[in-house]
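Peer 1: Line by line, the protein sequences give chains G and V. In terms of our numbering, the first sequence has 148 at position 147, counting the first letter as 1, and numbering is strictly consecutive. In terms of our numbering, the second sequence has 214 at position 213, counting the first letter as 1, and numbering is strictly consecutive.
Copies of one chain are not kept apart here, so a pair can be met inside one copy or by any two copies together.
Okay, derived cross-link-like pairs now, DSSO-like style, lysine-lysine, Cα gap no bigger than 27 angstroms in a straight line:
{"id": "1", "residue 1": "212", "residue 2": "191"}
{"id": "2", "residue 1": "133", "residue 2": "212"}
{"id": "3", "residue 1": "128", "residue 2": "245"}
{"id": "4", "residue 1": "128", "residue 2": "242"}
{"id": "5", "residue 1": "103", "residue 2": "128"}
{"id": "6", "residue 1": "128", "residue 2": "212"}
{"id": "7", "residue 1": "212", "residue 2": "242"}
{"id": "8", "residue 1": "36", "residue 2": "63"}
{"id": "9", "residue 1": "121", "residue 2": "212"}
It is worth saying that the hints were derived from the structure and are not from the lab.
Protein chains: 2
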Amino acid sequence: MSQNLFDNSEFFEKYKALRDKAYNYNNLVEQPAIKALLPDLSGLKVLDLGCGFGSNCTDFMKRGAAHVVGVDISSKMIDVAKKENAGSAIEYSVMDMMDIPKLSHTFDLIFSSLAIHYVKDFAHLVKIIYEKLNPGGILLFSQEHPITTAPKFGPVWTKDDAGNRLYYNLADYMVSGERHVYWFIDGVEKYHRPLSEILNTLISTGFRIEKVVEPLPSQDALEKRPELADEFHKTSCIIIKAIKD
Amino acid sequence: MSQNLFDNSEFFEKYKALRDKAYNYNNLVEQPAIKALLPDLSGLKVLDLGCGFGSNCTDFMKRGAAHVVGVDISSKMIDVAKKENAGSAIEYSVMDMMDIPKLSHTFDLIFSSLAIHYVKDFAHLVKIIYEKLNPGGILLFSQEHPITTAPKFGPVWTKDDAGNRLYYNLADYMVSGERHVYWFIDGVEKYHRPLSEILNTLISTGFRIEKVVEPLPSQDALEKRPELADEFHKTSCIIIKAIKD
Chain G
2 MSQNLFDNSE
12 FFEKYKALRD
22 KAYNYNNLVE
32 QPAIKALLPD
42 LSGLKVLDLG
52 CGFGSNCTDF
62 MKRGAAHVVG
72 VDISSKMIDV
82 AKKENAGSAI
92 EYSVMDMMDI
102 PKLSHTFDLI
112 FSSLAIHYVK
122 DFAHLVKIIY
132 EKLNPGGILL
142 FSQEHPITTA
152 PKFGPVWTKD
162 DAGNRLYYNL
172 ADYMVSGERH
182 VYWFIDGVEK
192 YHRPLSEILN
202 TLISTGFRIE
212 KVVEPLPSQD
222 ALEKRPELAD
232 EFHKTSCIII
242 KAIKD
Chain V
2 MSQNLFDNSE
12 FFEKYKALRD
22 KAYNYNNLVE
32 QPAIKALLPD
42 LSGLKVLDLG
52 CGFGSNCTDF
62 MKRGAAHVVG
72 VDISSKMIDV
82 AKKENAGSAI
92 EYSVMDMMDI
102 PKLSHTFDLI
112 FSSLAIHYVK
122 DFAHLVKIIY
132 EKLNPGGILL
142 FSQEHPITTA
152 PKFGPVWTKD
162 DAGNRLYYNL
172 ADYMVSGERH
182 VYWFIDGVEK
192 YHRPLSEILN
202 TLISTGFRIE
212 KVVEPLPSQD
222 ALEKRPELAD
232 EFHKTSCIII
242 KAIKD
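Model the full assembly from the supplied sequences, consistent with the hints where possible.
Peer 2: Okay, structure coming up:
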């Protein structure tokens, strides 16, 4: 089974507090960038991998999706999703995303926001996503950028005496594999893959790459959170849109 | 007109000495990786952008290409190419690669090795390459990796007391544009583009991305040049194969 980080109580509470902040990276940078790549969802069947609190699932329903399935390995997350983001067209399941072959439907869009860097076997995930997509279907996902996941050891920024970030300490970019990082709690497991590995896995599985986005904060986002200017040195996430031709 | 770095005498002599070394990065890492992506060249028409001393042009001829055109902005480079890498199927021209619309042929393969990071207007270059390719034609090129071209200011590695490279000082990755670096001489102009910009330019022009390679040294290459182990921290070049569908 995959890591179930979000059912750790300490982690869960701290993560929820972060996401509840109005001005976090996800809301200000990642979400506008990935949403800009959504197709017209009218009548489509959508699967959200690592749906978390389900806010994207309700958004997909509002955009006209005929059916939305949100899966997350964390029962705590799905409990919140069912309370806060229920909808007539939405179905939630506590499920490891590696288990999606068990789902009875196929989908027109498979979506995932900032979850796939937790997946150990990316090639297998891409294969089962491909099988679960209808012809012409879209895979749209964000994950931590390989530049961000690369270093095995921190601290990852070099700062000047005033605490300003001068540069990002990049190491181990070409060394695929597990990384243990501190994020609210010790020993969070992530998987680093160079960007070429991610892209070639998609292509060799049968996907056509349609768009690759390294999102930047807007002027408005920079005013709300000035430290997002660091994104110009080192981008935190990557968004990929790929088509099953 | 584009920068004509290689006609600078001081630069040219130092560059030639580097390339004459048996164990340089190009020979040990970049060349095997890009050559591995070549199609069967039998009967094909090939254009080499920034052909330099012409060694790839003779290789293409040996691999069966029907016609090879090598262009380089540097007359010094083309002089060497004509002496050292002449061939019945090879034609050399002193030409800025932005001027390829003047060529009368179209091509089945347009190739470029470690030259395109000198090009200011990448979108225009991709457009004229696309127009010069036959349907189904291939663009295969390497260039300095965006991680490598990103920083505006050096030094770019942080070393320990013994001089070992600990990490690469990444900055300005998301800031596209000109970079002035020291490479044999001061003020060498390069152009940095984030990887997403490179890929999306290719895709929006009409190319399908077939392969993206961040090459690593082989065990044999590491034995010949142990300092190539730094490539595991920060890859120096990227190779892209794209198809005109």
